[in-house]
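For the record, the sequence lines run as chains S and W. Okay, so the first sequence: first residue is 1 according to the numbering used here, each after it adds one. Okay, so the second sequence: first residue is 1 according to the numbering used here, each after it adds one.
Derived by calculation from the structure, the hints in this document are not laboratory data. Keep in mind that the hints are not guaranteed to be accurate.
If you want a taste of the chain W side facing chain S, the calculated C-beta under 7 Å gives, among others [as the list claims (entries may be wrong)]: (1) 164; (2) 196; (3) 250.
Just so it is clear, CB atoms sit at the ideal spot from N, CA and C, and this is done for glycine as well.
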Amino acid sequence: MRKLIFITGIITVFLILVFIPGKKWARGHVNYITAVDDHPLICINCHLYNSNSHLISKIVNRDYLSPINIAVSNDGKKLYVTAQDADKLFVIDVAEEKILNKIDVGHKPYGVIIDRPEKYAYVTNQWSDNVTVIDLAEMKVVDTLSTGNGPAGLSFSSDGSVLYVVNSYSNDLTVIDLAEGVEIKRLNTGNNPTGIQLSPNGKDLYITARRAIIVPYGEPMATELTLVDDESQRLRSFLPVESAYLMENIAFSPSGDLAFVTLIRPKNLLPTLQVERGWMMNHGFGVIEQNGDGRIIQLLIDEPQAYYPDPFDIVITKDGKKAFISSSGVNMISVIDIDSVRNLIAESTPEMLSLWANHLGVSSRYVMKRIPTGANPKGLTLSPDGKYLYVAEHLNDKIGIISTETLTRTGEINLSTSERVTVLRRGRQLLNNAGRTFQNQYSCYTCHPDEHEDGLVYNMASKDMGRNVTNTQSLREIGDTPPFKWNGKNQTVYKQDGMRFSTVLTRTEQFPYNDLDAISSYIMRGNPYPPNLQFNPDGILNEVQLRGKKIFERTKDNFGREIPVNNRCVTCHPAPYYTNRQPFDVSTLAVSDDSIVFDTPHLNNIYASPPYLHDGRAHTLEEIWTRYGRDDKHGVTGDMTKIELNEMIEYLKSLRGPAYESSKINIQNASMNH
Amino acid sequence: MKKMLRSTYFRITVLAVVIAGAVSLGFILRSADNSETILTEKSPSTIELPVDRAVIPSLPAPDDATKAVPVFGNWKNFTTKDGLPSDKCYCVRVIEGKVYVGTHDGLAVYDNGKWKTYTSKDGLAHNGVVSVDYSPITGDIWIGTLGGLTKWSGGKFEVFNQFNSGMPNDLVYMVICDGKDVWCTTGGGAGHYDTFTKKWEIFTEMNAPMHEPWTYGVSAGDGKIFIAAWGGGVIEYNTKTKQFRDYVDPDGFMEIDLQPDDGVVHDITTATSWSEGILWVSSYFGMSRYDGKYWKGYFKEDSGLASNFINFLRAEGHVAYMCTDNGFSSTNGTNWVTYKKNENDANGVAVVTIGGVKKEIPQSPSISHNFIIGVDGQDDVMWVATSKGVSRGEKLKL
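Looking at chain W on its own, in the form it has when it is part of the complex (with noise of 0.2 Å):
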């Protein structure tokens, strides 16, 4: 018994079955994890925050990570009762002094304190209005609906749909204006309209590096242009060389991030912003950031994220904001701030974490709803559209 004690093969094998123990129970204990975030919802406060990546030593700290982040409250909602021609808002847009919001039954627009509704039979594409856009050259909007694309100028409506024009796809998830270029992200490929030779480039699997045609987001800096595609990761297609370059997650896992920081967090990505150097990709599994050296993870386990499942992001001056299916958060890397209502009332909170400190803002009211899936601001006024109206928040001066 000493002598096989004593074994070196006895010792290795020992050795062998502690490390693939302790590797099988870090497995099941990550798995766990993860399975919970999608399932279960923690009150933010029973949240215990893991090890901020931001001071792990092999990556860099934000440099922005000094930078505030706003806090916004003073929430007013409007819903059909207020004008909206319905609740289910799909994005919001604030253009030079008006909003727009997209919803199920139309686009409305804000403009001097009145609502006013714009659907299919004033020249609309669909009443699923899903995307907006506009180019500050010409003031054109641009309007992604669920049935095409639509131009709006000199306050007359153009459908664009894929029998008409080159378009790839009717089902329009997002548009943006890239100077004279117009994109849209669709369910069959991405796409883009020279607005000068009025000629249209689309890109799919057969002719970019996507694993599908299926593209959600879509957004536009430093020459480059940004589309998340289901399965795909980030496409990133360079507007001077025309060439393509993508961003997968390299662990391959579709299931868990096996290995954090190594890239886009998911292959299935929602939305992509590029801002100040910085790109922030959104995925049902977590949000990444990118500083054109490094990528970082985010994940409400670890972060102040509202939750890992992501509709969609915008990212402006040094901080990004996040659409989530429970709550809105908002984040420039490193500090936190993230909305959410009250189940049972219209009150909530705003919870502000910095270095892994959580401060709680009452919110009264809050958010008009937890499911947040458009966002955008302008002069310290935010507007988040949600599956109950779009809320229109005030910055706070702490």
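Chain S on its own, in the form it takes in the complex (with noise of 0.2 Å):
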């Protein structure tokens, strides 16, 4: 008894000893991870959730779906659903409300499109550059058709002979004779394309974009619709639409007198300080008027004080009085009575609706209703006999149904067969989400779009106004690339959405600590890089990118002088992030711009990311060096020919995600075998 009391003694006194100053380590451990003093000592929430081990990370998540868009049967009996991240199409008996076949596509299924005949559904896959040919009497992939990177939305010519996708990465149109099956011509289209609509004549095709032209800081932004003519298949006009971007989706009225637009008006331009004031980012729609000179009027659906951000998808009663609109940052679809928006946009002037595009007081003229969804709402489709619009639940692996004569949804069918929501998903269901931004102005998605940037330069204001311009930064894939912030002042994730973001972002109590591990695990875990198919499809480097590869990590220069250690590229920007995480000077600083060195960025999938340098100046890759780079202090190119400098920048754009640099690379297989 005595030795079992020693003994016991023992250990109590070592475990005395070792947790007290273990714990004050781990104490000051988190405090410095967390840049706050009374976040939880729970250590799996960060070094489980957080893990890069496979093992650990299979245990800890799990599979989710994600339906993203919606076509239903012309007897309204099938509903045809692409779930992002199971890479399958579903096809739903809606009486029954259960799934009668899961049908594999490509990586990353976006779109899907019934023909008319309806004897073929098409889907386009985001992530595999390519669209699967469904028969739908066999229920069986048929064949597999070539795009341009990252097809998504997708449409019929009004002959049904020619299929248009828009390829979402690539910024081009391509148009498919489906006879042949082939690629018969590629046209541009704005920036970061994604939906397309065939105007109810049968003339005209209308793309919407996402990203901004690129501008100058200081100058006023647009974002452009393309038109091509269906006969011709040309383009046939870019219609800017100024001070607003990622437009989603577009609808006409069935007259097809009114096209409408989803949209967001950024305010960029002003001081972040403008959040705690309201009306920083604000959500509605564009109309397109079709008669007369084509005159784009911009409406808000936001109240004062109550915001509906991230509209995704548009559709219209078959009666043309109603549209509804998913807010997908607020889990709502806003109703829209079109009868309102023709008289207000009638009874007003071009100063009137000038500005009723920034009133937030307007809405609650055509605002009918908001109807209260599941997680997310992204894609739209109304039955055939227009009672029920259905709802791709985009986080919520369901489809919602709303009777569109009740207005309130009356139902769900369950995709999944779990409820289960990991930290993980509940991380992503927050980025998603703009519950705590004041007054739900935004998300995180807003500014971040598919968890990468927007492309827009913020006046990211702090303490002094129109200070520290910058250059929004993507989130894919930074769980292992701190610091953070261009100038490196957040040491980690948590610091950055932590305390500081509800400072300087979004105005309002900070995230508890169990959505702040959430949302900080999701970001540094949870969002891959799509695979650079359009400039380095199979891992293997062309002629052009060795060179340029070769020139990357050159030691000398074309003289045969030895560049010094810090002035070459390869010493910045090592694989597999290509970065060492160090701050530096490459004489890019502005005049307004507090620090004096920058955190070295990431180069992982750089070619999606223009503008490029802190605050955007570089509109291009090259930009950076033939404009700003020329004191050689951002690595040595001055000695570079055109040539030389040409097969360097292929080399950078060939650079993956750093998952396709390792043992992930089936990721990428996976996209190239679809």
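With the hints as a guide, bring the two chains together.
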């Protein structure tokens, strides 16, 4: 007994000796990571959910479906749903509310369309650069059609002989001859196009774009709608929609006199102090008049002190009376009374219409109702009889059913067998939700669509207005690239998204710690880069890229002189993240910048992140050196010929996400194999 | 003395002196002939056409010798008074019923009887527009300027230059569309832009058989790209094999074309054009025609060519149209039609040369100016860009 007491005492003393300093160390560690001193000391919140281990990741996470777009059969009995994270097309029996088929398609399916005879379904695979053709009688894949990079929205020509596919990453439109099954031409579009719609008269295709035209900071922004003539299959014109971006989708009134496009109006030229006054980001729709001179009128769906962020899809009832807009950032459907919109436009002078574009009070004239949905409503479709609206609840793995008569959510079709929400899923839901921003003005998605970046430059005002103008950075796979912020001021994602986030950006209560842990985990581990199919489809560099790599890694210039170690590209940008995570001065400091050094940015998928440099002054990769790096402080390039510079840039464009450079190579292979 | 005269050595020496004298005389005469070509101008009526090379037994006559060379007349001239931004016109292109004229002060577009001007304020890379082409697939217009390349698509101008893209150089001399590729020749090499992949590939003396990166003209045909390179003759690029081959003047002389019909007439070339299996090449020293097997050279002195100083040429069907510093010529390789304006009035003449026989057709008015730098035609209408506006001619029924 004494022996037992003695041993217990020894162990207790030992544990006390370990626990007290251990806890103290842990407290200090957590305080450093979170930049606060009261974050709970729960090790698994970080070390389990942020683990790089495949095994642990497999245990703590689960696969989700993430439905994004829906098509409906002519008789309304079947729904076809693209499940983005399952790489499948779900075929659903509406009456039975059950899944009839799950058809394997390519990587990250996006859009789905059914041909008129209802023989085939066409599914765009955004991460495979192709379209899957499915025989609907046999319910099996019968063909795969090549497209440009990142196929998203799709439409048939008026005679059904041609399939138009919007390439969201390569900014163009693939025109496919369906008889031959080949791409016959590729037309330019606006920046980051997604939605496409053929006008009711069958003459024009309207294509939306999400990213704005790149302009120097301070100049007004605009994002382009692209008009394509269906008969000649040529570009008709670009319509700049001023002060707006993230135009995800478009719909026509049945009479064809109006087109409606979802949009966001960012106030990126205002200091972010504006958030606490409201009206920093506004969400609404554009009305493009098809008669007359094609005016574009912008109206908001926001209200004073209540915003409805991230409008994604829009559909209009057959009688042309109502429009439904999925407000993804607040889990709502906004119902628009189109007659009221017409009346408002008719009675307003051009000056008044210009005012309405920024007016929070006018939406009460035409927003009939807000209908709550499951998490993150995205794609919408109406039943052929117009009685039901089907909603792809993207982060809820359900199809919401809304009665268009009662304007209530009357049911749901569950696509998944499990309701379990993992920490990463919770983090993703938080990132896509505006609930933690003052008056719900915006979500993380608003400036980081698809967890990437929106291409805009913001005035991130702190105590000094007009200073530190910065280009939005991508959130993809940043977990292993600390520190964060352009000047490396934040050592962790927890700090970036914690107190600082609420002080500078959301202007409301900061995330509760469990939510902070979830969103940080998702940002650090949850969103991989898309495969770089445009510039490096198979991981094998071509001759030009290999020559560029050699230049990138060179130690001597063209005159045989040794390049100082600190001025070699590869010193600061080593694989796999192409950053050494160290601060450096590359002589691109602006007079309005407080810092004197920059956090070395990672270069994975750098081709997809224009503009460049911390304040977005370089519109292309070339401009980093042709316009702003002439003093050879951002690497030695002054001795290069134009061919050599081109080759180095081709190499830079070939860089992929770190996962593709390591054991997760199967992700890219999966894309290639579809 | 007699012994000496009977000496074999003496006979050989005399024979050698005679041959050397004859050869020297030939050189002198040839040289004089050549300098006269550049420095003086003869009236067409005073030119004595030497032996037509088409009948030289060692060379086959062009098989299109019997095909007619159209004669254009009823010229209508357009200048700043008619709405052009400048009288200095660098190029002209007829595209789907509209006429695009590149001038020193912008791009002028003639549509439904009216001119409209576009400048750098509208989005052009530079006001000096020297080349225009279009993609029949997409309808996009590509505009080569003295300060970069511009794509005009869906009513929007997009600028490519050496700073914001992989373009070789901002001094663009010519642009053409070949399928999904856009080729341009510049002061810093030639390059092509793949409109699908959005990638540039450029060629200079570092990676192509060029003498230097200065490239003037470019044309496409038969799966090949033909680049007119300063000092490098013609650079042929096979778009399938991605291999180069070059055509230079085999005699290597810069001042004269010592050996006729041995290859391109000069290493300094200004334009190429491929049509119906024939490659036509212009230079400042004459013109060449290549049928894939034989080269043939043409000079002012031995053909109906207006001048050996050829700024540009374009072949349509079996006829090549040459823009020279002293008139405008067209040929099928055998017969010629050359247009010249009188010095002191608005009238001029079209000189038709068939089988060495010339016939003059008075033209009133004539082309706008004798310094011609661009040409294009469509539907029996010919447009030429001159130093004094553009001229529009109609095909005459003779």
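The hints, checked one at a time:
1. 164: holds, 5 Å
2. 196: With a minimum Cβ separation of about 5 Å from chain S (threshold 7 Å), the hint on residue 196(W) holds.
3. 250: Since the shortest Cβ distance to chain S is 29 Å, the answer is violated.
Hint check: a violation occurs at hint 3 only; the rest are consistent with the structure.
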